[in-house]
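Number of protein chains: 2
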Amino acid sequence: MQDRSTPVSDSMESREPQPELGRRRFFNATALAGIAGLAACTDKSGSAAPTAASAAPAAHGGAANPTHLKPGELDTYYGLWSGGHTGDMRVLGIPSGREILRIPCFVPDALVGWGITNESKKIMGTKPDGSLRYTVGDTHHTHASYKDGNYDGRYAWINDKINSRIARIRLDYFVCDKITQLPNVQGFHGIFPDKADPVDPAKNFTTRVFCGGEFGIPLPQKGTLDEKQYRSLFTCVDAETMEVRWQVLLDGNCDLVATSYDGKLAASNQYNTEGGAKYEDMMSAERDSCVFFNIARIEEAVKAGKFKTIGTSKVPVVDGTRESNKDAKSALTAYVSVPKNPHGVNASPDAKYFICAGKLSPTGTVIELAKVLDWFDGKMEKLDDAIVAEVELGLGPLHTAFDGRGNAYTTLFLDSQIVKWNLEKAIAFYKGDKTAKYVVDRLDVHYQPGHINASQSETKAADGKFLAVGCKFAKDRFLPAGPLHPENEQIVDISGEKMVLLGDHPVRGEPHDFIFFKRELLSPKQVYELDAFPNAVKDPKDSGVTRNGKKVTVKMTSQAPAFSLREFSVKKGDEVTLILTNLDKVQDLTHGFAIPGHNVNFIVNPQETASVTFTAGDPGVYWCYCTHFCHALHLEMRTRMIVEA
Amino acid sequence: MQDRSTPVSDSMESREPQPELGRRRFFNATALAGIAGLAACTDKSGSAAPTAASAAPAAHGGAANPTHLKPGELDTYYGLWSGGHTGDMRVLGIPSGREILRIPCFVPDALVGWGITNESKKIMGTKPDGSLRYTVGDTHHTHASYKDGNYDGRYAWINDKINSRIARIRLDYFVCDKITQLPNVQGFHGIFPDKADPVDPAKNFTTRVFCGGEFGIPLPQKGTLDEKQYRSLFTCVDAETMEVRWQVLLDGNCDLVATSYDGKLAASNQYNTEGGAKYEDMMSAERDSCVFFNIARIEEAVKAGKFKTIGTSKVPVVDGTRESNKDAKSALTAYVSVPKNPHGVNASPDAKYFICAGKLSPTGTVIELAKVLDWFDGKMEKLDDAIVAEVELGLGPLHTAFDGRGNAYTTLFLDSQIVKWNLEKAIAFYKGDKTAKYVVDRLDVHYQPGHINASQSETKAADGKFLAVGCKFAKDRFLPAGPLHPENEQIVDISGEKMVLLGDHPVRGEPHDFIFFKRELLSPKQVYELDAFPNAVKDPKDSGVTRNGKKVTVKMTSQAPAFSLREFSVKKGDEVTLILTNLDKVQDLTHGFAIPGHNVNFIVNPQETASVTFTAGDPGVYWCYCTHFCHALHLEMRTRMIVEA
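Those sequence lines, one after another, are chains X and S.
The first sequence begins at -16 in the working numbering and counts up by one.
The second sequence begins at -16 in the working numbering and counts up by one.
A hint or two may mislead.
Note that the list lumps identical chains together, so a pair holds whenever it fits in one copy or between two copies.
Stated by the list, open to error - With a Cα cut of at most 35 Å, we get these calculated DSBU-like pairs of lysine-lysine:
1. K286 / K297
2. K53 / K501
3. K362 / K568
4. K448 / K53
5. K104 / K312
6. K297 / K211
7. K186 / K130
8. K104 / K534
Since the hints were derived computationally from the structure, they do not count as laboratory data.
Assemble the whole structure, with the sequences as input and the hints as a guide.
Following this line, the structure appears as structure tokens:
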């Protein structure tokens, strides 16, 4: 068997010969021809066996591949990955690319009992009948809280696009502790915390999270086909209380979100300034926008009562439409023009620029934040003069990462490449210096990259060591396992002039965005505090069954290899609330608790308390057993629920 | 930063100094002292920083580590992993240890829409109101279908312990296609397909799947504390129809299951022959059993009507209790004695032996199958004479794998080791040759290993290249990420005399069992056949909305970057059935379909059709969007559901 094995299945598309057109040639020839190229990633030649160029293994200069950790060796970076429509957040170790944890947020998780325990149901939200309000989710973007321009290890946030929810993750216990639904928003997509207060310099840390609304809808909601009545909102959520502070009514939609290091500006790229309802209409204009928000002015307007509310929501909504914000000196928003259907807006670690990528234009646009502030201050007349570069990068540019040495790395979806380009040289080129070679390097990736990020890229401490790139199509990169392919997260060494591809990592669909940062920035806790749970059963002697009519409370503790109650009796139809405290104190000594036939299974980590409420079923013996391997006598660790007639 | 980094968190248990007792010393000292050692894995010293012995990186002879694949390089083995209480099956590539796919079975999966689409709900089973009967699961063991002593790539099966269900996975499309609930069984644990028919030599392939029932319950079920009335059943399921063929009433319980290559025998180890209800009672006897089933005789008895039925179940139940099977010449079952609370029974690839591991005894027991058949045939008087070896291996032996060269590899849970031992030498030693050195090698693993398997180990084609071992505790092996640790699946090179640890792989809890085999044995399909779906919308022209009273059917197709209907209207309260066919034909071109506020999200793979039924909510505009990245215009790929009042 050779290293570059061909796929093993006869049925694979990649076996179909495509002698005339290699993957690269096809993209370059047709995509440049215009809109036809947008379908390039659907062409069969895209799944052909890699050409010599893309198949060549990374030349890693003979040094050990740093993604290949020795047994027992720890990763040096934490990665926080969104899970897409698995609805979770994932924790990866970088550079190994290994997934260490999944954190359930918006969607039930059978492993931990998320959506089963009373505690998790309260966070997720329930209907009046006690069942979960939502059972699906679609997480896209995850970002963490800042202090002094770097991550401070308190929180991360993640969006749910399907039901417009924002979840907060505590980065000490790595659990979701709050979920908020945004009012009057559909398709909540981009999310970014602020990095400082726009007014109070003492607050050089995150206190707000900004959320972009992507889908225009009637406000308030009603059923109408007339898309001219549809509008989107940009939302500010309080980082601590997780309550919605205010919203901004917009022209056009919101896609991704970025924030400045001084706290003064947030921005969202807008790919549908046309307000179209069909994709042809959404891409009819040659230029769209990146809309900037003047945070201090918006909050002054809210304070001054210059807002309305929409429907039953009490959230103040200020007017950020173009018509109402023509006067720079009072404007809350500023719409900088950027080329056709931009995707992605990213803040450079030197705090100077936001970069928008063109998607349907082969360009990257560099916007200088000081100039946007100049416009707001009336010091610069034409807003678009804030654009200090707009340079050609390649086909289908989407997202941009940074190495802290002045270089940007942008994914080219259609080209299946990363382009490394130098910001100052791009600015010089745009200014007229045609000798400025701003493209430094290009690297083929596999295939169709979306999000990209570099180590510490979204902080002032960008260290330029590794790049992760989320490739949307894996095609032939892994053993074929039926029609559903994994995504391919690739790790790239960016420590030198040339990028070096280090490794492929299959991931369950569909991570979109991710960040990764030095492990020293977090201080995780691996054992809970017993007192943190008001309903904790602190002593096995407190175990027992109490009845109040048809309502029964069962209190129990776990200590390997036994539950404190060896059996307990209830009656058919009882509403049983079972409270379980894990008294084991050692890290990694988690217990599970399953009841056959009752849809109950959940875990309790060391010193954790969790509870479930269920209706006792038909008479019989139900062996409740430990589902999380804990001890040599794990199989024998059980209690009996006797359901009497 | 050094290679052997210490954990980064101040709060980690491992920071607590444990100068007196290293991990190894602790286990060896106390565990040998008896039952106290059973709690060894809960001791804090277990999470102390690794000692020099366990921390030493693998000496891999300077050769490239074969688990470290170059970018684009494919794995050489498929691995099928159970997911534990995530309720799924997982597909891994080996030797890299990368997870390529999760196959939802018993538990809803928000990514693919498992438990959301009508097609998946039909497989999972629903209550009269249309909601899912079960939302939790606990998969433990997965094994695949055989032909001529090797895997034939048709099916795999996996158990659900919580609700006693068996799921079948098609290994062409890698999807679950049938789930059967076992009647009158609680705690369905061990599972194994047969490898041949016991009577018809032409059927040298799998036609039955055997399932062990672990928890004794009253038969029929009723609420009683008297455990003497509890019994377990061993169940045979038809591999093709997935219907339950017959069951065997037993003394004692069933744990793991093994089958012989000639189809004549199946067996299950029994850890609770005492029929105890508490762990102390379950471990009171010095010896338990491995119960053998004479398949041909059982099926003759069923055919002859020598069975009863239990409760409302119509499944024939034959009597396999000790009292009724004393006469070898007519016995359906044979209870071979094995030491205290055995865990695991494994068939050697030379087709000669079943090996039981002692768990609470430091021994492995080798049972010769020809001798068990001799006993059934009346040729051997004492059944326990089938035991040809019972040798000391170490503390907490659980499961055994094989290299095809006469060696066995057994996990030692308490010792945190794998012991490599030679079967023929063990037999010679047991026979009296005290010079026979049956232990070949020992390897520390990290930590508390449960299941183990080797490449092709459960087939006649065992190739002795790689070993995978499922370590239940990861402790300090990965970056700390809160209280819930991953498991640690380690890959070991067994091609030489000495075992070599190659790599650590964190996996989401809790894989139990797994198999891995040469990739050439499977022929996966990566595009569906349109005609395989009776409700397929084969032409975009067939799209549309039809109404029948309050029931509305919406037919739609997807072709990147558009759905065939750009909008559709329904009325509040309508029961809407939406049928979506993905007309894209290219592998990896999967689309998703989400409806905000309606708990609808599912995917359609190339040429697949899926449907959902939901009640239309409040009046408004609902943007249904593609959730699975498909195209440069993926964000623009939407349709509008207009809900009218």
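Structure-based check of each hint:
In the homo-oligomer, the alpha carbons of K286 and K297 lie at most 35 Å apart inside one protomer (14 Å), although the nearest pairing across protomers, at 73 Å, exceeds that limit. Taking identical chains as interchangeable, the C-alpha atoms of K53 and K501 lie at most 35 Å apart whether they share a chain (19 Å) or sit on different chains (25 Å). In this assembly of identical chains, the alpha carbons of K362 and K568 never lie at most 35 Å apart, being 62 Å within a copy and 56 Å across copies at closest. For a Cα distance limit of 35 Å, the shortest separation of K448 from K53 qualifies both inside one copy, at 19 Å, and across copies, at 19 Å.
Taking identical chains as interchangeable, the C-alpha atoms of K104 and K312 are never at most 35 Å apart, the minima being 47 Å within one chain and 58 Å between chains. Only within a single protomer do K297 and K211 lie at most 35 Å apart by alpha-carbon distance; the minimum there is 25 Å, versus 63 Å between protomers. In the homo-oligomer, the alpha carbons of K186 and K130 lie at most 35 Å apart inside one protomer (9 Å), although the nearest pairing across protomers, at 69 Å, exceeds that limit. In this homomeric assembly, K104 and K534 come within 35 Å of each other (Cα to Cα) both inside a single copy, at 19 Å, and across copies, at 32 Å.
When the structure is compared with the earlier hints, violations turn up for hints 3, 5 and for no others.
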